[in-house]
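Since the structure of chain L is already known, use the hints to place chain D on it.
Chains as they are written, first to last, in the numbering used here: chain L, 1 to 584; chain D, 1001 to 1351.
In case anyone wonders, no lab produced these hints; they're calculated from the structure.
Relax, there's no trap hidden among the hints.
The calculated lysine to aspartate or glutamate pairs, modelled on EDC-like cross-linking and capped at a C-alpha distance of 20 Å, are:
| hint | chain 1 | residue 1 | chain 2 | residue 2 |
| --- | --- | --- | --- | --- |
| 1 | L | Lys265 | D | Glu1342 |
| 2 | L | Lys265 | D | Glu1339 |
| 3 | L | Lys131 | L | Glu106 |
| 4 | D | Lys1101 | D | Glu1089 |
If you want the building blocks of each chain, they are given just below.
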Amino acid sequence: MSEPPRNRFVTDMRWIGKLSVCGLLLAGLGVSFWQSDRPGAVDPITFELMAPRGLHFVSNSGATSRKYQPQTMLAGVALIDYDNDGLLDIYLVNGAAMPDLVKNGEAFSNRLFRNNGDGSFTDVTGRAGVKGRGYDIGVAVADFDNDGYEDIFVAGVRGNILYHNNGDGTFTDVTQKAGLDHRDPVYGRLWAASAAWVDHDRDGWLDLFVSNYVVWDPEQEPVCERDHVPDFCHPKLYQGLPNSLFHNNHDGTFTDVSQRSGIRKSIGKGMGVAVADFDNDGWPDIFVANDNEPNQLFHNEKNGTFSGAAVENGVAYTENGAAIAGMGADARDVDNDSWPDIFETALVKETMPLFRNLGHGIFQEITRESGLTAATRNKGGWSNGVFDFNNDGWKDLFVAAAHVLDPGGNRRASVEQSNVVLANLHNGGFSDVSSHAGNDFARPAVHRGAAFGDLDNDGRIDIVVTCLDGRPEVWHNTSPVRNHWLIIKTIGSTSNRDGIGAKLKLTTSSGVQFNQVTTAVGFASASDRRVHFGLGKDSVARKLQIVWPSGTVQMLENIRADQILIVREKPALPKSGRDPGSGR
Amino acid sequence: MIRFSLRARRCLRTASALLAPFLVCFGQNASSESPPIFEALKSAIQARDVQLIDQQRKELDRVEPRNREAHGKAGEWLAEGRYCEPAGEEFDRALSLGASKKQQAGSHYLLGRCYERASRTREALAEYRKAIEIGPGEEKFHVALILLLASQWETGFGEDAAREALARFPNSAPCWVAAGLVELRNGSLGNAREAWRRAKALEPDSPLVAKLLGRIQMTEARYAEAVQSFQRAIELDRSDAQAWFYCGLALSKMGDQSDRALQAFLQAIELNPEPAEAYYWAGSIYVQRKHQNEQGIRYLEQAVVRAPAWGPASQLLIQAYRAAGHSEKAMGATRRFQESSERAASEPVRH
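Chain D extracted, bound-state conformation:
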């Protein structure tokens, strides 16, 4: 059964980025030994109660004004909850109390992830770049930057970033995978395949490598083969939400595999309930293939909650509302989308 609450991540490794995120760890085993104020802040973030978050941050400041780890950890949790500005303030506070370069770089990286998840690409890119500037020896910073550039079609900058990363980490399969995804975005399938070959030689049993192959096959419209590649990635790591998601996408492209695709999307949601995309696709199958509008609406509403300015989710939700006879809800969704779009202004939306 899918739970729609924004609950705590069971495992950060299943987050939406292709690669496992970097854990900064300002505190040592913080969750088991954390003071009540810290637990209260976490709860407020999980409940997405902005007023309570503000209160708990003030309380944290009062109780632990000089506790670097507490403020750093608060920053991590806020960043994870997509409260990027408060997270930045907590990181600044922690860093002002003395922090290692690794912690400095890590805080920028986590802020980058926060902004990326909030579809605030420019800020995310700036944070990733700062992270690399402070900690150039951390492979994951480079990979995050390259992937974000690729997702934004900034393939020129992506190539530059990939070149720099590969010069530093020539034997890094994740860097080759990221470089391959840039090439894929650039339409250079030959280069993408070459990057995949290099990555495969380095880590033949990496789910990352299998997923890159699947992405290449998707681009070539070889959907059945792509499904096999994503299934291979799933075999290697059954908790890889992204592999499930892409498997669902490839299955949905095959036309006659809607039920299997839906199951894959539901599994992706179960493993990582954060990204809007899996909800959108699950909703899409319910509405467009199975003509089960009410079911689809449940998922599409979750997609819109997570990405209010993401047009496709709102478009389909409005259509589903209309088809199900919920005219007022359709009008409300239209109004909310227009408001979110205006807020998002010209900022590109990640999808």
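Isolated chain L (complex conformation):
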């Protein structure tokens, strides 16, 4: 194992300029060492496709012979412990009748499935009251009112919904009351695709960022064909939209601060959202994958405003000079150097970029050097995630794959695709291990959303993947090497209760790893907010440092592996004050 990287939480501003330059130079030098040819050297990653009892769901795009654009976007999935029983439940988003955009029957209902803890699920949609209203696409999960229960935000084509978790197994639609029944002054109803809960002003309350896709009206839907057969139109034919930011007023209501914050200044075709403190200045930044428009990187200016920083920080375009069909995004540290990197999905032939954070939010694309060009060239990617699937201490990559075109159209042969899993080779490279990921893994389908989390609390990250007009896939992680692991559930006090935005640094005898608390992962989906670390052969973590959004730094030492650790935020202590084991 390499030397532990430097502590990212100690930022000496005088270093910034030098580090940026050094990072770039080193990145250039390092390229020749990458692209490992030893995929067999990493621990295997395997999944088993489950058909859990009780998980009865078929997504319904309202497919018609007319190819309405939303019909190809369906849909997101969330892993949410809505009843606080320690088990991840599944919330699946669904479409509506076209072109009315109304859920006129049970077939279009969003569904919440309670995890029974024995591998089976129970449909609790009716009791919970979360079946949705219109044509829904995405979902974001967090405890927005700090009451200890996870709430659900649903992003839709003609309107969004905020479901408040009442704590008794039911939810209340508080969209109107919360001020989120939103109509843009210029564009009217905004087609929302994904969303992220983020405490952008660090006031201890989660705000809501929503990525909006395109101006769309069923009456104005263009007609497009592929070789004389109707198919979905290219996104270039639709006008883009600004994203939205809603500030949490601490009283169950939100204020639209899109204009004031500068978010509204930039037009895109927003898809996946990833949130991280890319420059380690203590404030969360926001990355948006845009469909055939340059990606957006909103840098938090620490005063309630954001500035566009995608071009200067190297993530607007790929190394091919292209604004790709960006779909999903996840921002995590893939090379254990302390800086969150960005993995983005795109369509067939575009390749899926991996932007390496060289330090302080300056990125260099390493798609080719990391082996992703070859691995992703022939795949279309939707939702994605950066997680350590084999618990070896290095985060791997997963892509829910499919083409965007009509599964019944002229290109149907290439529309259904098998998912992709790429193992981290510990040297900057990744190896496509999909063909060794289990007998079921080659199953082609029209994959869309994906959410990541440990469904059975065995320390291995499972995945739920949605399929367009199909049943969801539950991929149970069966990776055979029993490496150690640690899952941390953060509970904020001064910070937001979920601890979203907290930055975690884990030190073992093998090295140091970094991660952050977020539920915004991939495309239109929400993942387990608990933070997962693979520990490899290390049965003990020497140190766990948590930097909470409030600025409080909390240190735990000598933590036993293979447990789910709940860490509660302590009030800020003097700098020298350490409280080993606190919160355990």
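This is chain D only, laid out in the frame that chain L set:
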């Protein structure tokens, strides 16, 4: 050796459009017999000296107030230099002094080219459409419109324009090529191949046809075959800058052909130093493949000069500046890009 100055075109045929541009020719052999004021205006345009251009135009107006050819030619040179508004004024002046329909249509076409090169797509489309309205029998007007629509993903309008052009010119290989490029943009490879077959039957030895095949093969990720097609186009016309450019692109996609790709881009620049794209790709190879940042910066700066609001060029230039330790230049480039982007507002950028 590549010269970075914006010098006069050695040959208009090597301009960035896929097809050779239409020459309006308001004056007869104007360059050899032109009066000093005309030469002075040309020099000012070549020097990109806006104040001097303005002065020389005033002088032209004073010396040759009723000379239709002089004002028309001034419009051509200004349009070629991407001074579209002054060009339009000179054309208006020339046309007000009496002009043929061909000259009217031609002036709109040249203005269209001017706007297209300035990434002002809406104006370019309007000018091409006016050119077709006045001179529907000119094949090149149709082709220019179709290609621009295709480049902007306006494939529906592109198909309409292609249909209209092919109804008028069913035996025009350029029209079939343009129609094929629309189909390619539309993702209809079968239709694109059919258009290529029709064009090939009409002009088997046309570089245009070879380039269309290369573009189709590029879309299919058959890069080695695409290289062969572009090489065929180059054999047919070694001065075809676009064929060199696409050959470079196909080579760069092959991964292990960076040096050959770079040579192709440099050749494209030598033949036509105007388009930003070849500079960008040459710079990209220097920075991303060869890790020669200073070399790459030279080319990327030229790309940004030519297309200030084109994001990829600015992104890579800023990265290269940082990698080379030019932090202040990186900040300056960031600021300039933000300013250009704001100016360009929502206007789509051609690339």
